[in-house]
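> Please arrange chain V on chain S, whose structure you already have, making use of the hints.
2 protein chains.
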Amino acid sequence: MHADLIAALTAIVGEGHVLTGHATAEYATDWRQRLQGQALCVVRPGSTDEVAQVVRACAAAGVSIVPQGGNTGLVEGSVPDGSGRQVVLSLRRMHAVRAIDPDNLTITVEAGCVLQNVQALVQEAGFLFPLSLGAEGSCTLGGNLATNAGGTQVVRYGNTRDLCLGLEVVTADGQVWDGLLGLRKDNTGYDLRHLFIGSEGTLGVITAASMRMVPQPAAQLTAWTAVPSLDAANALLALAHQHLASALTGFELMNQQALALVDLHYPHLRVPLWQQGPFCVLLEASDSESEAHARTLFERLLELAMEKELVLDAVIAESVQQAHDLWHIRESITLAQAAEGVNVKHDISLPISRIPAFVAETDAALHALLPGIRLVNFGHLGDGNLHYNAQAPEDMEARAFVADHEECIGEVVYRNVHRFGGSISAEHGIGSLKREKLPHYKSPVAMQLMQRIKSALDPQNLLNPGRVLVGPRTDP
Amino acid sequence: MHADLIAALTAIVGEGHVLTGHATAEYATDWRQRLQGQALCVVRPGSTDEVAQVVRACAAAGVSIVPQGGNTGLVEGSVPDGSGRQVVLSLRRMHAVRAIDPDNLTITVEAGCVLQNVQALVQEAGFLFPLSLGAEGSCTLGGNLATNAGGTQVVRYGNTRDLCLGLEVVTADGQVWDGLLGLRKDNTGYDLRHLFIGSEGTLGVITAASMRMVPQPAAQLTAWTAVPSLDAANALLALAHQHLASALTGFELMNQQALALVDLHYPHLRVPLWQQGPFCVLLEASDSESEAHARTLFERLLELAMEKELVLDAVIAESVQQAHDLWHIRESITLAQAAEGVNVKHDISLPISRIPAFVAETDAALHALLPGIRLVNFGHLGDGNLHYNAQAPEDMEARAFVADHEECIGEVVYRNVHRFGGSISAEHGIGSLKREKLPHYKSPVAMQLMQRIKSALDPQNLLNPGRVLVGPRTDP
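Going line by line, the protein sequences match chains S and V. Just so we're aligned, residue -11 is where the first sequence starts under the numbering used here, counting upward by one. Just so we're aligned, residue -11 is where the second sequence starts under the numbering used here, counting upward by one.
These are computed hints drawn from the structure, not numbers from a lab. No experiment lies behind these values; they were computed from the predicted model shown. Each residue gets a CB set at the ideal place from its N, CA and C atoms; glycine is no exception. Incorrect hints may have been included.
Claimed, not checked - A short list of chain S residues far from chain V (calculated; beta carbon distances all over 12 Å):
{"no.": "1", "residue": "W19"}
{"no.": "2", "residue": "Q41"}
{"no.": "3", "residue": "R81"}
{"no.": "4", "residue": "D174"}
{"no.": "5", "residue": "G329"}
{"no.": "6", "residue": "A356"}
{"no.": "7", "residue": "A414"}
Stated by the list, open to error - Simulated restraints on C-beta separations:
{"no.": "8", "chain 1": "V", "residue 1": "H316", "chain 2": "S", "residue 2": "R288", "range": "27 to 37 Å"}
{"no.": "9", "chain 1": "V", "residue 1": "S443", "chain 2": "S", "residue 2": "V303", "range": "56 to 66 Å"}
{"no.": "10", "chain 1": "S", "residue 1": "H428", "chain 2": "V", "residue 2": "Q436", "range": "26 to 36 Å"}
{"no.": "11", "chain 1": "S", "residue 1": "R81", "chain 2": "V", "residue 2": "R403", "range": "33 to 43 Å"}
{"no.": "12", "chain 1": "S", "residue 1": "V458", "chain 2": "V", "residue 2": "Q111", "range": "44 to 54 Å"}
{"no.": "13", "chain 1": "S", "residue 1": "D166", "chain 2": "V", "residue 2": "H10", "range": "48 to 58 Å"}
{"no.": "14", "chain 1": "V", "residue 1": "R403", "chain 2": "S", "residue 2": "E399", "range": "35 to 45 Å"}
{"no.": "15", "chain 1": "S", "residue 1": "C396", "chain 2": "V", "residue 2": "A48", "range": "55 to 65 Å"}
Claimed, not checked - Examples of chain V residues toward chain S, derived with CB under 7 Å:
{"no.": "16", "residue": "L180"}
{"no.": "17", "residue": "S276"}
{"no.": "18", "residue": "S278"}
{"no.": "19", "residue": "N373"}
{"no.": "20", "residue": "E415"}
{"no.": "21", "residue": "S431"}
So here's chain S without its partners, still in its complex pose:
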């Protein structure tokens, strides 16, 4: 029977675009290499119509589908389970640009286009595509949409969903919904676009999207500050909102432990100011006028912040290279953590006002749980999004630390996240990694509504089953 399906899929997408055996390995292993699944096959359609045919063929065979873009997700949501009975539907061949419309400030592009290529295409057209994240060289726009990716410019431009005006989606029964309208206002019924965005391939397969382009800023400026406390960091954020308004495009927090690891493993990066306070904040301003204007605003903001004792010390990058170097330090935290040894990661969000209390209480609880634990706390403070990670005490072996304490640390963190009105997944999604945890922290009413929507749009449970929601598994 599987041979019949493979033959049917081959007839749809052509010889060479149905992979089996060893060729499927890279599609069946997740980005963090924690999960090695096994695919019945990988099918690589070249058009929306082929995607629809593939979905219909799988539905007819009762075989479930795992949609996949760049396979850079962090929650084990885009690889098949170990049953060998799931088809991976790779969108990577679909990377055409359907349209660029400068007067409407939109680009319409297929789901398999790599994010960096979308950025480049938009730049060539004279605009900015303001979605930017670590995996941008590999991840695809379809994956960004399926997981509602965040990144470093959310404080100004929002998450992926906020950049999307329309979608084309293949439904679970293999129909094509053409919702590729490039409209800023459309109140004709339920917002299907927002329902598919962030649903991690469990409700439909996104095949193309109309995305916003924004004007390129005339200048970008980056500053690095040491701050005396999280309360001060919050007050600095409020001041930056007030003085820079929409010119504020980045507001990144890093605690001393995070920067100490960067300094330890990459001393050539010369981390500024990290010993001067418990936290540093990186600020970015994108100005529509000129660098001189941006600099004046920035200097005024930082002077005021120093007067108010919100900032202990600050440097403003003097060149594009310096700005790049400062961002590079911020982006090296993850690597420095890895160099120090395996660790425990959490991608959480909170109301910004509650972050100081959350961090104080959670830090204390974890230090009580495991004296010497090193808490590496950094993230997008402007969005209330922390990467609140934990490294082994210096005298503990890293693998043992993770094996013995990951569950317990996670429970402390998530319990406090829940208590302070936060989210256990700010920007990475649920996938299969957090699906068992979700019901503990999300309201039963919300879980029930989600389950009803899943059943309504995918009654056979064929699309990425067992991701987001705990569903019937195909594992034997």
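Chain V only, in chain S's frame:
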């Protein structure tokens, strides 16, 4: 049996909060006074728990519910049908502020709070709530959310949905979903918030919301320009995006016919520049620095636009009063139209780039259909949203014009909207007014998905039945 239900509802909300007979009339008549329905009763709960009890009581009795806020909608979506068998659920008693959180830039408020009061509360807290529309003195936040209201500042701040971070909703089976998280990032499953927003009370009853507040601008400046064509208006918009960036908070288009009517009926308003070109554009800049800064930017923009021959002439308001007067002219178009006689209205949106061609072709088609027809075209060009209205030829009686030609004019307009990739309802919604038209212009796949969602979340079809989607009616 209805007496039993009324007794049950009275037991829930208390004597005096269940209205019957004459007292229900204002709740049963729509804003434009085109529809006079009849309610079984009006029930006015005072808390979320009471709303949930009311929904459960109605569900048990098999009686459908029409949720209502300020009842200012324009598509006959918030009044009962004529059967006398629907309960109007008025949220107006629920107007408490649950929380204002300056550090998180959020306000959490109940659904029945009048929009103007939300604006005032946020202003008192030192911030701006940037949703603004004609009915703001009467409409409620819950109604704004249920219909995803737009208004005049969408070009900068988005529609109501873009200002909402979380909701509290009573579901069709009378459960309470507490989704009042004030988070900017939350990727824990399907976005229920966006599904309820804009669903016009057909999927759940919104009882409270967490909304964004934004910093107050330091200065606002308004300019009025005459432009030679729609292409020039579009080019001016692009230039304004580039030079003002996020400081651009308003970009309103008005054609000569619209301004001629204002000049005719309200000559004391002294409409500027309207005879100098086929269109005028009102621009608003909200500056985070100072009025002087805003003026410099504005003057530079307008000089450049005049060099490029995008603008024929321009005035910049010299005072807050002058700015107010210019906006008042823009807002008087609807009244001037009414003073001229009943007319045919369309609330449409299009990709901004296609507006010039759409208007040229649709103007021509309507002039061919009915020589002498006066097309009153104005709206939020920055969002691609036109109020493309038609007034009787000067020698035709207005009522006869509407009675004889409304359908046919609508068909021409909507057919072209569809052909140019637009929407037949940009900001007003579908209600019952456009529910029969919707399937002609929306894809069958989208209609089917919407129907499935409705059945999944409201299987008894108790919440605002027959609005948005054509459903079983309760009319005899």
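> Checking against the hints above, which ones are violated?
Of the numbered hints given earlier, those the structure breaks are 4, 7, 14, 15 and 18, listed in rising order.
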